[in-house]
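Peer 1: Could you build the full structure based on these sequences and the hints that come with them?
Protein sequences appear in the order of chains C and X. All residue numbers for the first sequence refer to the working numbering, where the first residue is 1 and numbers rise by one. All residue numbers for the second sequence refer to the working numbering, where the first residue is 1 and numbers rise by one.
These are calculated hints, taken from the structure and not from any lab test. Bear in mind that the values here come from a model prediction, so they are computed numbers and not experimental data. One or more hints might be untrue.
Given that identical chains are not distinguished, each listed pair holds provided it fits within a single copy or across any two copies.
Said to hold, decoys possible - Listed below are the simulated PhoX-like cross-link pairs for lysine-lysine, each with C-alpha atoms no more than 25 Å apart in a straight line:
(1) K161 with K115
(2) K4 with K161
(3) K111 with K161
(4) K115 with K4
Spelled out from the first residue to the last, the chains are:
Number of protein chains: 2
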Amino acid sequence: MKRKGILIVVSGFSGAGKGTLVKRLVEKYDSYALSISATTRQPRAGEEDGREYFFLQKEQFERKIAENGLIEYACYCDNYYGTPREYVERQLADGKDVILEIEIQGALKIKEQYKDALLLFVMPPSTAELRRRLVGRGTETEEVIAKRMRRAAEEAEGIEKYEYIVVNDDLETCVTQLHEIIIAAHNTPNRNQEFIENIRTELEGEK
Amino acid sequence: MKRKGILIVVSGFSGAGKGTLVKRLVEKYDSYALSISATTRQPRAGEEDGREYFFLQKEQFERKIAENGLIEYACYCDNYYGTPREYVERQLADGKDVILEIEIQGALKIKEQYKDALLLFVMPPSTAELRRRLVGRGTETEEVIAKRMRRAAEEAEGIEKYEYIVVNDDLETCVTQLHEIIIAAHNTPNRNQEFIENIRTELEGEK
Chain C
1 MKRKGILIVV SGFSGAGKGT LVKRLVEKYD SYALSISATT RQPRAGEEDG
51 REYFFLQKEQ FERKIAENGL IEYACYCDNY YGTPREYVER QLADGKDVIL
101 EIEIQGALKI KEQYKDALLL FVMPPSTAEL RRRLVGRGTE TEEVIAKRMR
151 RAAEEAEGIE KYEYIVVNDD LETCVTQLHE IIIAAHNTPN RNQEFIENIR
201 TELEGEK
Chain X
1 MKRKGILIVV SGFSGAGKGT LVKRLVEKYD SYALSISATT RQPRAGEEDG
51 REYFFLQKEQ FERKIAENGL IEYACYCDNY YGTPREYVER QLADGKDVIL
101 EIEIQGALKI KEQYKDALLL FVMPPSTAEL RRRLVGRGTE TEEVIAKRMR
151 RAAEEAEGIE KYEYIVVNDD LETCVTQLHE IIIAAHNTPN RNQEFIENIR
201 TELEGEK
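Peer 2: Below you can see the structure in the form of structure tokens.
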């Protein structure tokens, strides 16, 4: 079967370790491309344009929206965040599985446009472990942690919208598991419509 | 996550190599149990009761039907074929993934009763290869082969009812792939409802 790239959306609770997981996946296997978001927020110290984000002016971002150049976007805290379409489509056409790290509203918007997109949800092994990781960062106040935990409770409502869950206990185990799930996902009928139709046409010819 | 067994239904064209594939899978990994069908047809030379089939009298089979002791059954060429419920349920409770090799009507009946059953469809790499395998058996007349090919065309209509397709080109590669698909299938939200509900309850407690 000719391999077509899958658009893979990774969501999960803040503190579940999505960012590290996705970075390691792309590092470890060469079948992936990581989509970089565009944003109008200011770069933080150490962030580089085209690495963490594409940093755009508000006018540039709004022009991209108008041109249908983003496959999804949202506005948080007065800043835009979005996924540039061109990079994603070029990589998919090239047979790469393209990874987007994005929250649930964006994930559902993408599924509407790309019906074969694969939606994955990263979970911590337990709530206690989630709290431990948030506290362990050492950068968050108790108030912020409480807010994150409440946000996680809301996000948990949407898990059934995702095709697979991935429990991030040990990083390397989880990366391997994620990779195997994606390989398996290449074998669903909807992602092999062309191969199936070819076999059908040939079998009709045998009648 | 506590592992619960999955009921796995393997269908596919006659000549796609389902039987060999399933036998090798169960041999290679100890997480599987192979369900043995009951039938009222006569044993063929070399077949053993409880290995290829449980060979039953018509009255015994009909008593099993009446007692709801079969999870599905059908009648072909005046003989009954069916899947005894007790073995399947005992193995699932024990955490084993139970494999049934069965055709599409049976597969759909099972999915109605076991909503978390996993439906897999085995395909040959091409129609030419399917024909080659049927001819290669050397036991079939041209008329039988033509009938099988027509039957395959009908079966191909139902592929979208299955969750995954597996292309059987090289046996060992295909066995590994089948195993990996099953491992991935353990990670869908519907098969982890208890784990997800636990996390939700804990997160609610954090509010």
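Peer 1: Evaluate each hint against the coordinates.
Peer 2: For each hint, the structure was consulted:
1. K161 with K115: Close inside one copy (13 Å) and across copies (17 Å); limit 25 Å.
2. K4 with K161: both (23 Å within a copy, 21 Å between copies)
3. K111 with K161: both (10 Å within a copy, 20 Å between copies)
4. K115 with K4: within (14 Å within a copy, 30 Å between copies)
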